[in-house]
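Trainee: The sequence shown begins at 1 in the UniProt record's numbering and counts up one residue at a time.
Hints may be right or wrong, so weigh each one.
List of simulated lysine to any residue pairs, SDA-like, C-alpha gap at most 25 Å [stated by the list, open to error]:
| hint | residue 1 | residue 2 |
| --- | --- | --- |
| 1 | K274 | E197 |
| 2 | K318 | E93 |
| 3 | K302 | G250 |
Quick caveat, the hints were computed from the structure, so don't treat them as lab data. Remember, it's a predicted structure, so these values are computed and weren't measured experimentally.
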Amino acid sequence: MPIKNLFWLVGILIILYLLISYSVLKKQNLSYGVTFSQKFSEELGLNWRENYLAILDDLKVKDLRLVAYWDLVEPEEGKFNFNDLDWQIAEAEKRGAKVILVVGRKVPRWPECHISSWARDNPLGGGGERVGFLLRYVKEVVKRYRSNPAVWAWQVENEPLFPFGECGTTPLSLLNQEIKLVKSLDTRPIILTDSGELGFAWPYLAAKSDIFGTTLYRYVTHKWFGEIKYSLIPAYYFRIKAWWAEKVLGKQILISELQAEPWNNGEMNPEIFKEIIDYAERAGFPKAYFWGAEWWYWMKEKQNNPKMWDAVKNLINKK
Numbered sequence: 001m002p003i004k005n006l007f008w009l010v011g012i013l014i015i016l017y018l019l020i021s022y023s024v025l026k027k028q029n030l031s032y033g034v035t036f037s038q039k040f041s042e043e044l045g046l047n048w049r050e051n052y053l054a055i056l057d058d059l060k061v062k063d064l065r066l067v068a069y070w071d072l073v074e075p076e077e078g079k080f081n082f083n084d085l086d087w088q089i090a091e092a093e094k095r096g097a098k099v100i101l102v103v104g105r106k107v108p109r110w111p112e113c114h115i116s117s118w119a120r121d122n123p124l125g126g127g128g129e130r131v132g133f134l135l136r137y138v139k140e141v142v143k144r145y146r147s148n149p150a151v152w153a154w155q156v157e158n159e160p161l162f163p164f165g166e167c168g169t170t171p172l173s174l175l176n177q178e179i180k181l182v183k184s185l186d187t188r189p190i191i192l193t194d195s196g197e198l199g200f201a202w203p204y205l206a207a208k209s210d211i212f213g214t215t216l217y218r219y220v221t222h223k224w225f226g227e228i229k230y231s232l233i234p235a236y237y238f239r240i241k242a243w244w245a246e247k248v249l250g251k252q253i254l255i256s257e258l259q260a261e262p263w264n265n266g267e268m269n270p271e272i273f274k275e276i277i278d279y280a281e282r283a284g285f286p287k288a289y290f291w292g293a294e295w296w297y298w299m300k301e302k303q304n305n306p307k308m309w310d311a312v313k314n315l316i317n318k319k
């Protein structure tokens with residue numbers, strides 16, 4: 001190996017060592033909220049309203065990320081049904097909880113793509129009909145809740161430039177139309193998110209948003225490679241994202257999804273949860289929204305295993 005290349009390699013290794021060492025030493029307190037999906041709660045065979053109230057009243061959660069699913073809000077063309085979402089937001093408001101409301105065609109929970117069935121056969125690109133339908137739905141949601149004191153921010157799409165889920169990525173032209181529309185209707189901040197481990201659009205999304213959110217997962221399963229731990233990604237990688245968004249661009253930052261449930265058939269328990277929390281506290285983000293509130297409740301109510309529910313409850317009550 002040429003001596004010049006050797007120096008470069010040694011330098012890179014030293015930098016990586018320093019970054020990893022720094023990430024191990026530097027920790028901060030986090031505040032916690034949860035993402036709640038009515039759809040996923042129902043998929044688990046739960047009474048989703050009881051699940052939601054338990055999050056508010058037993059876990060005492062004060063920060064929520066809720067989803068305005070297009071196919072639930074507009075099940076028929078031009079006919080809007082806000083009953084379930086109205087109830088969720090009203091219950092949050094009663095308890096002084098604050099809500100991030102997610103809008104768009106690509107939103108939390110598999111298959112990510114939650115387009116109303118009547119709109120699926122319409123073209124997406126350019127100024128196609130489906131774009132018009134999508135923007136009409138976004139407009140109706142924002143208009144309905146823009147005066148509600150519980151809603152403090154809008155999240156437009158979920159990981160829009162990351163190719164995960166049946167939607168694929170969101171065209172930039174469409175994403176920009178949605179952002180422009182929401183800004184024209186309300187002054188509340190707009191959140192844009194990216195995948196924490198594999199997403200590389202975060203510099204752009206941080207620049208386009210008022211608040212930048214990243215996901216943070218440690219354990220995933222792959223159909224070919226089985227269970228994978230992101231052990232080679234130091235917490236300092238997330239600190240770089242936090243530094244870019246907060247210090248360089250002057251944006252607020254948060255962890256939009258912090259893993260607290262198993263990925264597919266993987267494992268999650270209080271010990272793994274504790275390890276994830278330790279990692280997240282070194283990631284440089286001040287607030288994190290847990291991913292898994294429906295699963296904890298299912299484990300507690302249907303599997304007679306309240307360990308994860310209690311672990312989250314104890315953590316939140318310590319804050």
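Trainee: Failing hints, ascending?
Mentor: Of the numbered hints, just 3 does not hold.
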